[in-house]
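J.: Protein chains in written order, with our numbering: chain F, 1 to 180; chain B, 1 to 180.
By construction, these hints were calculated from the structure, which means they are not laboratory data.
A hint or two may mislead.
You can't tell identical chains apart in this list, so a pair holds if it fits in one copy or across any two.
As the list claims (entries may be wrong) - Here are the simulated PhoX-like cross-link-like pairs (lysine-lysine), alpha carbons at most 20 Å apart as the crow flies:
1) 180 with 17
2) 6 with 60
3) 17 with 32
4) 60 with 77
5) 55 with 25
6) 162 with 6
7) 162 with 11
Protein chains: 2
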Amino acid sequence: MNFEEKQIESKTVYAGKIIDVEVMKVELPNGKMATRDIVRHMPAVAVLAINNENKMILMKQWRAPIDALTLEIPAGKLDDRDQGDMLGAINRELNEETRYRSGKISEISSFYTAIGFSDEYMTLYLATELEPVQNELPQDDDENLEMITVTLDQALMMVNSKEIVDQKTIMAIYYWATMK
Amino acid sequence: MNFEEKQIESKTVYAGKIIDVEVMKVELPNGKMATRDIVRHMPAVAVLAINNENKMILMKQWRAPIDALTLEIPAGKLDDRDQGDMLGAINRELNEETRYRSGKISEISSFYTAIGFSDEYMTLYLATELEPVQNELPQDDDENLEMITVTLDQALMMVNSKEIVDQKTIMAIYYWATMK
């Protein structure tokens, strides 16, 4: 079967601070035309950070899209500094959000977060051997964060009770559960 | 700590077929103003469907946002028909995409897929006791799909090799791995 949708033309209908929105005209395999809404977003990293007490780090933060406080694993967009230095990017995010640095970082998996309408590509890492940082990096001045730590059992209960409602965080918790 | 970002005003800058884009002006806890880009999207369901041979169902499909073919668990947007009838919605999605119906459906978890910029809310279900449907529902005429089935070990290898790059699908695979 031929699946390809040929991209015929594209128009940027919104250029924002963290996203651009494109309307793409595509030709379907059957020759018909269709339009696709596409949200362009920078790649991002997220970190399952497990401390020396075998607890994971969660950050409390406000999320405007759902007008609510959430609990999420540390995460952030990549920027130009991060070309070829993923470990640096992850330790920067950890430093900014948690004030820890990790002595041992490995990739868990990479994925598109909302593939139906966006190209945001995220890589999830496992970070262990955490130690307090010597030099604290400045935090984004429009971001308020507070850290908590939870065990695997607590985390799984917080998924069931919908205290945790963020996909990357729940994914990281399931992955952690497979590590036992 | 006070986290709340008060919503001051909001403007819809794009109204599309599957998304609307809003620019929200918010007041931060420190009194400063900031803007937030927000992509509004319908809620959705996704299904970890495991057949009688203990294989999961994956759908091959084209995804315009990444201009590539993907492998994903069955999923779809909810619509007005689905108020209060989630099982009906899931069996409709399964019917349209896989031509199976499930005799046993349970909720795994619910989450925001891309909480940094979107309100898309998805619920992941586990569907077992699959049987071929009697009456095939019509498929969306701009959607081409092909079904494959894989074991858990195959699925985990396909995550590592980046043949599977869809977050909800990888999350479902990790969840499946915890069920062993």
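J.: For each hint, tell me whether it holds in the structure or not.
T.: So, going through the hints one by one against the coordinates:
no.	hint	result
1	180 with 17	neither (40 Å within a copy, 44 Å between copies)
2	6 with 60	between (42 Å within a copy, 17 Å between copies)
3	17 with 32	between (34 Å within a copy, 17 Å between copies)
4	60 with 77	within (18 Å within a copy, 29 Å between copies)
5	55 with 25	neither (47 Å within a copy, 36 Å between copies)
6	162 with 6	neither (40 Å within a copy, 23 Å between copies)
7	162 with 11	neither (38 Å within a copy, 30 Å between copies)
Violated hints, in rising order: 1, 5, 6, 7; the structure is consistent with all others.
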